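Read top to bottom, the protein sequences are chains A and B.
Here the first sequence stands for residues 1 to 404, where the numbers follow the numbering used here.
Here the second sequence stands for residues 1001 to 1083, where the numbers follow the numbering used here.
Quick caveat, the hints were computed from the structure, so don't treat them as lab data.
Do not take every clue at face value.
[Said to hold, decoys possible] Simulated DEER-style distance windows between Cβ atoms:
(1) Ser59(A) x Ser1027(B): 20 to 28 Å
(2) Ser1082(B) x His130(A): 43 to 51 Å
(3) Thr1065(B) x Ala366(A): 15 to 23 Å
(4) Asp262(A) x Asn1003(B): 32 to 40 Å
(5) His1049(B) x His130(A): 35 to 43 Å
(6) Leu1020(B) x Ser42(A): 20 to 28 Å
(7) Asp382(A) x Glu1026(B): 52 to 60 Å
(8) Ser1027(B) x Ser204(A): 40 to 48 Å
(9) Ala366(A) x Gly1033(B): 17 to 25 Å
Keep in mind that this is a model prediction, so the values were computed, not measured.
For every residue, glycine included, the Cβ atom is placed at its ideal position computed from N, Cα and C.
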Amino acid sequence: MRRIVITGMGAICALGHDAPSVWKAMTEGVSGIGPLTRFDASALRSGGIAAEIKQFDPSRHFAEARLAFLDPLSQYALVAAREAVEQSGISFDGERASRTAVLVGVGVAGEETREGLYKRLYEERATRFHPLGIVRIMTNAPASQISMAHGITGPTFAVASACASSNHAIAQAALMIRAGLVDAAVVGGAEASLTLGLMRAWESMRVLAPDTCRPFSAGRKGLVLGEGSAMFVIETLESAQARGATILCELAGTGMSADAGDIAAPSAVGASAAMSMALRDAGLAPEAIGYVNAHGTGTVANDSTETRALHSVFGAHAPALAISSTKPMHGHALGAGGALELIGTIGALRDGIVPPTLNYLEPDPACDLDYVPNVAREKKIDAAISNSFAFGGLNAVVAVKRMG
Amino acid sequence: MSNVQQETFDIIAKQAKIELDTIKPESTLKDLGIASLDAIEVIFDIEEHFNINLPNEDTDFDGGTVGQLVEAIERQLAQKTSE
Chain A
1 MRRIVITGMG AICALGHDAP SVWKAMTEGV SGIGPLTRFD ASALRSGGIA
51 AEIKQFDPSR HFAEARLAFL DPLSQYALVA AREAVEQSGI SFDGERASRT
101 AVLVGVGVAG EETREGLYKR LYEERATRFH PLGIVRIMTN APASQISMAH
151 GITGPTFAVA SACASSNHAI AQAALMIRAG LVDAAVVGGA EASLTLGLMR
201 AWESMRVLAP DTCRPFSAGR KGLVLGEGSA MFVIETLESA QARGATILCE
251 LAGTGMSADA GDIAAPSAVG ASAAMSMALR DAGLAPEAIG YVNAHGTGTV
301 ANDSTETRAL HSVFGAHAPA LAISSTKPMH GHALGAGGAL ELIGTIGALR
351 DGIVPPTLNY LEPDPACDLD YVPNVAREKK IDAAISNSFA FGGLNAVVAV
401 KRMG
Chain B
1001 MSNVQQETFD IIAKQAKIEL DTIKPESTLK DLGIASLDAI EVIFDIEEHF
1051 NINLPNEDTD FDGGTVGQLV EAIERQLAQK TSE
């Protein structure tokens, strides 16, 4: 079987505008959560908080003519993809162009554009819709824009599974490489849906925390939304070695499952199945895993269910795992979640630092494992998994391994 | 039975498709077989009907009883009239 490695990564979220800044903030336990500034959120019952990207000036990244085509969703994806491609040193000349895939997980779509135009349509009774609305809003816009920016002509599309979109995209890319369809992929996730409409919709599901996000802790009240993108260059080990590329880590395996149960309530059975499959696919024993980047949303249901699933998959090894949720730092970035969390997972492998679970108050009896509360920890990690469990009962887990 | 309680029970019965007389003040929504998003929908219907906002603290779907829910609604209604 073809081995797959990660040779580039890029990121943008509330913690910073590139992967090194994002990772540094994770090790320092910085939280990007604060009052929403993009629109008047004072009427929101959920406290009007989120992990917003701040001080982002699109004109520093894109020419004006190009910017007209780009919702923030695509802007973030393009910024992250450019960083990942530069770091990997890969070029898409000749046959490489068609032997590379672009897969971007997106949970929602270009919401800022959509809401802005709908506001004009329904509230201001405008009779014309902006002609670039469709190309900015469409869910596949980030994938298309990345393929255009880098001249990549291989299989390119969006992958949608709500909060698991990134991990499903990474799994899909790995399968394409293993099948011999392509030799490399630019893959990750993006989301930019901090709008009044979406915030209201989440609020009405009663899953938003009014105070902050405190995964696995007693007193947790829900999730806090975030936004951004993380993108990776993955390729065959052979291709990376031939190019003399720096290998960040091995993408060892992936696991996917569906709960086939409730549309919203999580299932320990479905989550366990995805984790077990990722371990099997990676050829890793449960004891080989040192770190789990948990889905850890901060809702009562997710965190206790995920804990039960971890017990069932890891058995006696479960208490020895360092488990953390980085969502109190970058927020729940939905379709970008798994990709941003992979930045933290790769950081843990490479630097031997486990990012903490912030805002932890005290143990909840239903969450009885080691969640690395509040402060980062030094620990040598040889292999790790990153969990994403989505509404709709869709689960995807990525397993990574240190190289040599 | 107060009007608020009567109207609340009607909403629950309609949403959960259960007989009105199976609902007792001491039942929890869980006892009545109303879980997950169905419970959240019941709360939404109640909010729409009475034009009030019920804070998350007042909607304990697992342990909270229907009687407590009626009390929470009455509190919100009282607050609305005093405003």
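> Among all the numbered hints in the text so far, which are the ones the structure does not match?
Replying inline: 1, 6 and 8
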